[in-house]
Amino acid sequence: MNHPIDMPLGTKDRLIEAAGEVFAEKGFRDAKVRDICARAGANLASVNYHFRDKESLYAAVFEHARRYEQEHYPLESFGTHGAPRDLLAAFIRRFCLRLFDAGRPNWHVKLMSREMLEPTGELDTTVERDIRPTFERLCVIVSGMTGLPPDHDVTRMCSASVIGQCLHYHHCGEVSRRLCREWQEADSFIGDVARHVTWFSTRALEGVRSDVEAGRLPASGEGEARP
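In numbering that gives the first Met the number 0, the protein residues as written are 0 to 226.
Check each hint, because a few of them may be wrong.
Stated by the list, open to error - Just the calculated beta-carbon pair ranges, DEER-fashion: (1) R131 to E54: 19 to 29 Å; (2) K109 to G163: 41 to 51 Å; (3) S76 to T124: 48 to 58 Å; (4) E24 to V174: 17 to 27 Å; (5) N42 to E62: 21 to 31 Å; (6) D191 to A44: 46 to 56 Å; (7) R65 to A159: 18 to 28 Å; (8) D12 to R215: 49 to 59 Å; (9) E127 to G163: 14 to 24 Å; (10) D12 to V174: 51 to 61 Å; (11) V211 to K31: 52 to 62 Å.
Stated by the list, open to error - The calculated DSSO-like cross-link candidates involving lysine-lysine, where the alpha carbons are at most 27 Å apart (straight line), are: (12) K31 to K109; (13) K109 to K11; (14) K31 to K11; (15) K53 to K25; (16) K25 to K109; (17) K11 to K53; (18) K31 to K53; (19) K53 to K109; (20) K25 to K11.
These aren't lab readings, by the way, just hints derived from the structure by calculation.
Glycine is no exception: its CB is placed at the ideal position from the N, C-alpha and C atoms.
Build the full structure now, drawing on both the sequences and the hints.
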């Protein structure tokens, strides 16, 4: 919707919220400052006054979304002490709660999806400041379950598989809703997803550990997919 944001916010905050929506819809390159100002109910000069230019406004929008993440889902909340199996369950549940957070403005997730499709320097910043630390935390947990070093290729691929399962239920939500509407719309949906991903991943990682102990890890390039 293209209407001014009706919130008791100052001009700077209104610009950030409006810019988040417009950037998420159109991407950095196609977003127009005049459209952002119109949606924020601000004049064109306000962007220059508060942010200098469009690039700085874009960076401020990402920082705004990052602060929300830090306030609601700090890295420490993913757990650091305990049995690897328990840490994995806690990580997955926390990750799912973050993905499906109904209190988060819709544009937060859409903005990141847009940035991955049309990357700017903000993607590099976000990966290094936010995504990599979370991923490395998961790699340590997975390492504890498989017996492989955190930086081992198998550890990192297993960690990516855990995250990929969670992302599937979020990013492919409309498809899932059409395949199994009753389950997707159940009040217990987030908990069900977290429990399933935890169960499935735990069993898989136990299998990896068995292969590690038996010396059955595939060599690099073994079983390579071919067209």
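Structure-based check of all given hints:
1. R131 to E54: 19 to 29 Å: holds (23 Å)
2. K109 to G163: 41 to 51 Å: violated (19 Å)
3. S76 to T124: 48 to 58 Å: violated (22 Å)
4. E24 to V174: 17 to 27 Å: The hint (17 to 27 Å, Cβ to Cβ) holds, given that E24 and V174 are roughly 21 Å apart.
5. N42 to E62: 21 to 31 Å: Taking Cβ atoms as reference, N42 and E62 lie about 23 Å apart, which means the hint holds.
6. D191 to A44: 46 to 56 Å: Since D191 and A44 have Cβ atoms about 50 Å apart, the given range 46 to 56 Å holds.
7. R65 to A159: 18 to 28 Å: For R65 and A159 the Cβ distance comes to about 22 Å; the hint holds.
8. D12 to R215: 49 to 59 Å: Between D12 and R215, where Cβ atoms are some 56 Å apart, the hint holds.
9. E127 to G163: 14 to 24 Å: holds (21 Å)
10. D12 to V174: 51 to 61 Å: violated (35 Å)
11. V211 to K31: 52 to 62 Å: The hinted range 52 to 62 Å holds for V211 and K31, with Cβ atoms some 54 Å apart.
12. K31 to K109: The hint holds at about 17 Å.
13. K109 to K11: holds (21 Å)
14. K31 to K11: holds (17 Å)
15. K53 to K25: holds (14 Å)
16. K25 to K109: Holds, at about 10 Å.
17. K11 to K53: Satisfied, since the Cα-Cα distance of roughly 13 Å is no more than 27 Å.
18. K31 to K53: holds (9 Å)
19. K53 to K109: The hint holds at about 19 Å.
20. K25 to K11: holds (21 Å)
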